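Undergrad: Reconstruct the complex from the two isolated chains, following the hints.
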Amino acid sequence: MEQPNFSYIDQLSRGDDVFKQKLLDIIKIEFPEEKAIYLKNIESRKFKEAAENVHKLKHKISILGLEKSYVVATNFENNLIESSDLGREEFEDVLEVMTNFLSKL
Amino acid sequence: MDCIIIDDEATARAIIEQLCLEVPDVNVIKTFPNAIQAIKYLNQNEVDLIFLDIHMPDFTGFDFIQTLKKPPKIVLTTSDTQFAIEAFEYDCIVDYLVKPITLSRFEKSVQKALSLSTMPAQSEPSTTESLDDNSGNDLYVNIDRRLIKIDIPSIYLVEAKGDYIYVKTENKNYTVHSTLKKIEDKLPNDLFLKVHRSFIININKIVDIEDNSVLIKKDVIPVSRSNRPELMKRLNLL
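Going down the list, the protein sequences come from chains X and W.
Heads up, the first sequence is in numbering that gives the first Met the number 0, so the first residue is 0 and it goes up one at a time.
Heads up, the second sequence is in numbering that gives the first Met the number 0, so the first residue is 0 and it goes up one at a time.
Looking at chain W on its own, in the form it has when it is part of the complex (with noise of 0.2 Å):
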């Protein structure tokens, strides 16, 4: 098997490459120091196992593996136990070793990946493809290393504060270590829409508007002399 190794760390990739050393059928094709650096590369080649770091900064593993199409087998490498339940819900992902790892450990977890790709491939559907299915109406944001998942119908508000972008939504309030075009990239047209610089609305959650704002339930939202036309055209006016 063909792998890769993405950690931030370089002694954890040492310590990697050299498990690798000590089972056979395991092959380190390359290693990297963060996940962009290995998008690029899996853009171009493919591999059959990756040995995945969870904490990174900026990307986080799960970040990773949602970028991928077609997931190889990963096994996750971290010093955390607190995402064990939240990486079984990947289908790509085949164990999950706890740092510092240990040799039989490692064995154990290269003969389960093994074990699986000689499986038929039916039984894999890829992650982004399980994601994208509910992608009309869930929304996945990082918040504290954990991905949350959001109803995007209940978003009714979203505001961009400096490196956050605060998310309100129903139920519950989120503040998310991203950008107000990221999130806008991700919400569908015919509901949200931006109406300031620094807020998206959701068009269904308009209590009225009066001159250049609008009242999102309790919000008093400022709206920008050059998003109005685009609000204005939205509303099923009488």
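This is chain X alone, in the form it adopts within the complex (with noise of 0.2 Å):
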């Protein structure tokens, strides 16, 4: 499975370390909020807010590098906009990568 990267965050950074700090830092405060509402509303099948969530966690999938996990993202929210929850286990899968690669930094 693809995996995270700090591609774009070192190309932002242009070297500065208390920036990229900073910037870890904010994501690892926001991505598990943005996570756990996600997941309520997945589970109360709320699809159209699920699909807002979606699209907000799609922005640190990108700066997280993940170029594939992007397009699984897109085509889940597409689908939750049509009330259906078509790829939300592969989805899942990326947030769960996600989730190991920032409890570890």
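There could be a bad hint or two in this list.
Distance ranges between label pairs, derived from CB positions [stated by the list, open to error]:
id, chain 1, residue 1, chain 2, residue 2, range
1, W, Tyr165, X, Phe5, 46 to 56 Å
2, X, Lys27, W, Leu20, 17 to 27 Å
3, X, Val70, W, Tyr40, 29 to 39 Å
4, X, Ser43, W, Pro152, 36 to 46 Å
5, X, Val70, W, Val206, 26 to 36 Å
One side of the interface only, derived from the structure: several residues of chain W facing chain X at Cβ under 7 Å [claimed, not checked]:
id, residue
6, Thr10
7, Ala13
8, Pro99
9, Ser103
Anything over 10 Å on all C-beta distances counts as not near chain W; from chain X, calculated [claimed, not checked]:
id, residue
10, Asn4
11, Asp16
12, Lys34
13, Arg44
14, Lys67
15, Asn78
16, Ser83
17, Glu88
18, Glu89
19, Asp92
20, Glu95
21, Ser102
22, Lys103
23, Leu104
These are computed hints drawn from the structure, not numbers from a lab.
Here the structure is a predicted model, which means the values were calculated and not measured.
Note that beta-carbon positions come from the ideal geometry of N, C-alpha and C, so glycine has one too.
TA: Okay, structure coming up:
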């Protein structure tokens, strides 16, 4: 499975380690919150709200360099908009990979 | 250029702030997690440029732009590409940045805003004014993150249902996340009348009236006792 990387963050921080750490700290706080809201909405089958949550999570997926996972998220978001949860398992695998990655930082 | 950043995501705000540090001539004055706070700030302060997220809960970037009487230059920031065409219908929007934003793309955007800010002001009618020019006939509603134009005279019925309103027109029906009060304020008084706490009707579309109900197209709409005198007053009775 595709793994997160610092490609974008390194490009952005251009050697500024203080900024890099600041950004990672923000992501480490914000990502679990967004993930929890998503899980709550998908469990309640609130697909429209869940689509909004997936949309927001997509930014973090792209920040962590997960290009293929971004496509997975986009497809899932579109399915949710159409009131289908097709692709949920694949998307939640992406969230799990991100969770593991961030927990080790 | 003094700028503000509006984005509900802290990560996005931090990234744009960092990108602003990398380019000369851009000074971040303040950042906001939602449009409402930014509107309050802009009521008392002027800025040259706004980095604005489109996709925010409750109040989208496009909703925000419509509240501004004299909008400054705006660069939209979004994960979607689907709004690009709509974005360029607004004169104040100078660019459209797709997240994750790279430095090179960001620099181009700032250059564009800078070059436009040196152009004569007369080429920039404000978005609100241009919308106001059409406000006699058009109403823009936010549906699935898109602003849909509805021809006001074609609306024959508005019904409140919980957090939503159903707007019925000659050609199409719309479900909009809004309140009856909000749409009532936007509709012309001479054409529309609230006949019940859940219904607004277009009085030109009435087919007939019977006791405490009115027939609009094929819909039988209740008329509350308190609203009936106003309805009768508005009719051209023989």
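Undergrad: Please name the hints from earlier in the document that this structure breaks, with their numbers sorted from lowest to highest.
TA: 5, 9
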